[in-house]
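Colleague: Residue numbers (the numbering used here), protein chains in the order written: chain D, 1 to 505; chain V, 1001 to 1327.
By construction, these hints were calculated from the structure, which means they are not laboratory data. Remember, predicted model here, so these are calculated numbers, not experimental data. You may find that some hints are simply not true.
Claimed, not checked - When the alpha-carbon atoms are kept at most 20 angstroms apart in a straight line, the in silico DMTMM-like pairs for lysine to aspartate or glutamate are as follows:
no., chain 1, residue 1, chain 2, residue 2
1, V, K1185, D, D434
2, D, K139, V, D1133
3, V, K1185, D, D462
4, D, K139, V, E1194
5, V, K1083, D, E451
6, V, K1057, V, E1232
7, V, K1224, V, E1194
8, D, K290, D, E252
9, V, K1147, V, D1113
10, D, K105, D, D291
11, V, K1112, V, E1246
12, V, K1147, D, D462
13, V, K1278, V, E1300
14, V, K1057, V, E1282
15, D, K139, V, E1031
16, D, K393, D, E226
17, V, K1174, V, D1141
18, D, K251, D, D291
19, V, K1083, V, E1031
20, V, K1278, V, E1291
21, V, K1051, V, E1282
22, V, K1215, V, E1232
23, V, K1185, D, E252
24, V, K1185, D, D187
25, V, K1174, V, E1282
26, V, K1132, V, E1194
27, V, K1215, V, E1282
What the hints assert, rightly or not - Computed spacing ranges between beta-carbons, pair by pair:
no., chain 1, residue 1, chain 2, residue 2, range
28, D, L55, V, A1307, 52 to 60 angstroms
29, V, P1242, D, T16, 40 to 48 angstroms
30, D, E226, V, K1057, 56 to 64 angstroms
31, D, I475, V, I1066, 45 to 53 angstroms
Even glycine gets a Cβ: it sits at the ideal position worked out from N, Cα and C.
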Amino acid sequence: MDILASLGDGFAVALTWQNLGLALIGCFLGTIIGALPGLGPANGVAILIPLAFTLGLPATPALILLTSVYFGAMYGGRISSILLNIPGDEPAMMTTLDGYPMTQKGQAGEALALSGVASFVGAFFATWGLVFLAPQLVKVALLFGPAEYFALFTLAFATLGGIAARNQAKAVIAAALGLAIAMVGVDHQTGVPRLTFGEIHLYEGIHFLIAIVGLFAISEVFLFLEHPNGSAPGDAKVKLNRLTAPLSMLKETRGSMARGTVIGFLSGVLPGAGASLGSFVAYTVEKRLKDKEGTFGKGDPRGVAAPEAGNNAAAGGSLVPMLALGVPGSGTTAVMLAMLMALNITPGPLLFTQQPEVVWGLIAALFIGNVMLLLLNVPMVGLFVRVLQVPTKYLLPAVAMISFVGIYGLSGSTFDLLVMIIFGVGGYLLRKLDVPLVPVILGILLGNEMEKNLRRALTISDGDLSILWGSPIAITIWTLAILGFVAPLLVGRLLRPKKDATVAP
Amino acid sequence: MKKLIAAAAATLFATLAPAGASFAFEAGNTECIAPANAGGGWDFTCRQVGKALYDLKIVPSPVQVINLAGGGGGVAFAEVVAKRNGDDSLIVAASSATTTRLAQGAFPGASKDQVRWLGTIGADYGVIAVSKDSPVETLADLFEAVKENPSAVAFAGGSAVGGWDHLKVLIAAKAAGIDDARAIKYVAFEGGGEAVTQLLGGHVQAFSGDISETKGFVDSGDLKVLAVLADERLPGEFGQFPTAKEQGIDAVGANWRGFYAPGGMSDDAYDFWVDAIKTTYESDEWQAVMEANGLMPLAEFGADFDAFVSGEIANTEALSREIGILQ
């Protein structure tokens, strides 16, 4: 009951006209920022910090504004994934896999409405998780040392085959490319630069946003240049059936949303994992469990609902270590953490007891923001899908422009723009070779963390490999990883003849 | 028009400025480069000092913060040297990490004398800590354990190998009589927060970081600070922690925060900015910011700061040679 009373106090703090107004502005800006390729939640929050300072906002309103932007961007990221096959930010990448095929089938409206609801479900229940489970979850997060994280990332890679619809070998090649790109930069455990060719801009490695925008957005532009007058992918031939998700579709996907929420929330809680892992695992698990007819990757609504619920739940989950430990669970929470410190609030184990009004005000703001986002997003589906009616010859130059501005804004360096273009060319070639792009990004995102944690674990154990399976948690994860890797091979062998007969084009 | 307004504002504020602060240089639209993405320590330095400079009416308009990330600050350093060498209205955030990298040659072709060093705005002193359940009670105990079995004690820190958190352990270990710096086991994490979490989870045995990173965990009783690497006990609530010196281990490690300016900056402008940083540092407003953020006193300005930076670089270079990061 204590918790509910505190939450009530939180709502009392959050429910002022000024705060509601800030939440509305934040949600709206966040949705737009999230939808623009190259601008993700971390940029959105970073851009608005000076605004919060200039307005002289006290802690609670400032946090309300920033969390609204954060969650807005998590909602918004899906829009360009679904409509253009260009992820608006990295966690929305998995949504391209089934969201864009839905658009091609004329179901853009349904996909957007469904993903809006899934986002709400994920974020809403993750916030309840934050309310009731934060103290316990923090203890679980502490159990994760380098060895456990390494097992966790291995698990992610073991299920990688799940995302390749057709050719598994190509998915593996793509992931290997991503891993190689992840190696660029100064090695953390020795301080030695690797694959940098003496170029100082490469010392910190290649930012994954540059890779995403290059591979997805810029390569799209190249594809268009190939057929400037013809019909490039995403051309206006797409027709729209309706602008809401039918109730039956929501019903059909509620299991996917529930699983996505749980998986996403848990990976958000682990500081080293984050939203991308959440949406990725949510998708692959869903595919493993439910893809009986081979419809995933071809516009299955469940393939949209699961990762969207997952990445929004992860956003809620990542607030757990930020508030309770002062450890950012993602790039965005890192920026918010800096903001908190600038407001003289020290996140950490005592935040909940020392400054309850800030914490509960923030949590209340999350609830308000989520309801607001749902209300904003569902009616705005009609507006978003208009994007599809813009002729490609106007749309893609605009995409290119936004990409350049977004990436330049990230680091203020023209070198990054060149890297982005190189990735664009690479993405174009990979698409021509029918190599999936998503595993490349996963290789970059997860490979880096995987390597770091392996090296850390081995430093701690003086090179003794047994540390990697030295705890019950690690053993559990390894078991899951092996099952996830082996089971599909066995099951696939049993099912393949049937599957090929029905699915092969 | 904009320029006109700025000029008018500058004149206005110049006349309002306290007597004694008359310089041949007048501040206009000032830019502060934070050589990292938003949210890091350098970003904090730019934003907080920029805010104070404006609030104290030292500059006529809000300081524009530019995030120029890359190469651990090297991209910004190269940019300032190559493209903005003569800019009188530019300051760049720096810290111990900057001098560490300069010393280790991590900024290709860069040297300390290519820029002008303005001053410090405080320091974050190093701490060495263990978790509350650890049997270790003093810094000497800890290094005794290291001497007995170097592989039994893993130090976690938020910087890369050869970075500041690593060097602090080595400075302390050397002072404690451990000659083979390579025997010290150091595990690099992403930031102090992650390193503390690993310590609390029991995955590593000791933590090397800055005092501001540990505050929340000390208050909650999860962390036992063995020693602060400062000359004398710190003011305020941090005074409860013993220094390494009083335990007979003569080790000091301060992560200073401050600014440099382009090497081609005019002497008038340089004098103005040195004084501006000094005035900010001494203001009540800044003292409040320092207290709130666990920043400790460290005042070096102008020529003194330049000498301080030279000293830091020489020390780091020697240490880096010892651990083999520099050959």
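Colleague: Look at each hint and say if it fits the structure.
Modeller: Checked hints:
Using a Cα cut-off of 20 angstroms, the hinted pair K1185 (chain V) and D434 (chain D) is violated, with the two alpha carbons roughly 46 angstroms apart. In summary, the hint linking K139 (chain D) to D1133 (chain V) is supported, as the alpha carbons are separated by about 15 angstroms, within the 20 angstroms threshold. At most 20 angstroms may separate the alpha-carbon atoms for a hinted pair to count; K1185 (chain V) and D462 (chain D) meet this at roughly 9 angstroms. A threshold of 20 angstroms between alpha carbons decides the hint, and for K139 (chain D) with E1194 (chain V) the separation of about 14 angstroms falls inside it, so the pair holds.
With a CA separation close to 37 angstroms, the supplied pair K1083 (chain V) and E451 (chain D) exceeds the 20 angstroms bound. In summary, the hint linking K1057 (chain V) to E1232 (chain V) is not supported, as the alpha carbons are separated by about 34 angstroms, beyond the 20 angstroms threshold. Taking the CA atoms of K1224 (chain V) and E1194 (chain V), the gap is near 17 angstroms; set against the 20 angstroms cutoff, the hint holds. At most 20 angstroms may separate the alpha-carbon atoms for a hinted pair to count; K290 (chain D) and E252 (chain D) meet this at roughly 11 angstroms.
For the suggested pair K1147 (chain V) and D1113 (chain V), the alpha carbons sit about 40 angstroms apart, so the restraint of at most 20 angstroms is broken. Proposed proximity of K105 (chain D) and D291 (chain D) is supported: the alpha carbons are some 19 angstroms apart, at most 20 angstroms. As the CA atoms of K1112 (chain V) and E1246 (chain V) are separated by approximately 34 angstroms, the hinted pair breaks the 20 angstroms bound. Taking the CA atoms of K1147 (chain V) and D462 (chain D), the gap is near 16 angstroms; set against the 20 angstroms cutoff, the hint holds.
The suggested pairing of K1278 (chain V) with E1300 (chain V) holds, with an alpha-carbon distance near 9 angstroms, which does not exceed 20 angstroms. Under the criterion of a C-alpha separation no larger than 20 angstroms, the hint pairing K1057 (chain V) with E1282 (chain V) is consistent with the structure, at around 14 angstroms. In summary, the hint linking K139 (chain D) to E1031 (chain V) is not supported, as the alpha carbons are separated by about 44 angstroms, beyond the 20 angstroms threshold. For the suggested pair K393 (chain D) and E226 (chain D), the alpha carbons sit about 12 angstroms apart, so the restraint of at most 20 angstroms is met.
Distance check on the hinted pair: K1174 (chain V) and D1141 (chain V) sit about 15 angstroms apart at the alpha-carbon level, within 20 angstroms; holds. A distance of roughly 17 angstroms separates the Cα atoms of K251 (chain D) and D291 (chain D); the hinted pair therefore holds under the 20 angstroms criterion. Using a Cα cut-off of 20 angstroms, the hinted pair K1083 (chain V) and E1031 (chain V) holds, with the two alpha carbons roughly 14 angstroms apart. For the proposed pair K1278 (chain V) and E1291 (chain V), the alpha carbon gap of about 17 angstroms is at most 20 angstroms, so the pair holds.
Taken as a hint, the K1051 (chain V) and E1282 (chain V) pair is honoured in the structure, with Cα atoms around 15 angstroms apart against an allowance of 20 angstroms. Annotation: proposed proximity of K1215 (chain V) to E1232 (chain V) holds, straight-line Cα distance about 18 angstroms (limit 20 angstroms). With a C-alpha separation of about 53 angstroms, the suggested pair K1185 (chain V) and E252 (chain D) falls outside the 20 angstroms cut-off, and the hint is violated. Only pairs whose Cα atoms come within 20 angstroms are accepted, and K1185 (chain V) paired with D187 (chain D) is accepted, the gap being roughly 16 angstroms.
Pair hint K1174 (chain V) plus E1282 (chain V) does not hold up; C-alpha atoms about 35 angstroms apart against a cutoff of 20 angstroms. Between the alpha carbons of K1132 (chain V) and E1194 (chain V) the distance comes to roughly 17 angstroms, so the proposed pair stays at or under 20 angstroms and holds. Between K1215 (chain V) and E1282 (chain V), the direct Cα distance comes to roughly 24 angstroms. Violation of the 20 angstroms bound is thereby established for this hinted pair. Take L55 (chain D) and A1307 (chain V): their Cβ atoms lie about 42 angstroms apart, and the range 52 to 60 angstroms is violated.
Here the CB-CB span from P1242 (chain V) to T16 (chain D) is close to 47 angstroms, well matched to the stated 40 to 48 angstroms. E226 (chain D) and K1057 (chain V) have their C-beta atoms about 58 angstroms apart, which keeps the hinted 56 to 64 angstroms range intact. The beta-carbon spacing between I475 (chain D) and I1066 (chain V), approximately 49 angstroms, falls within the hinted interval of 45 to 53 angstroms.
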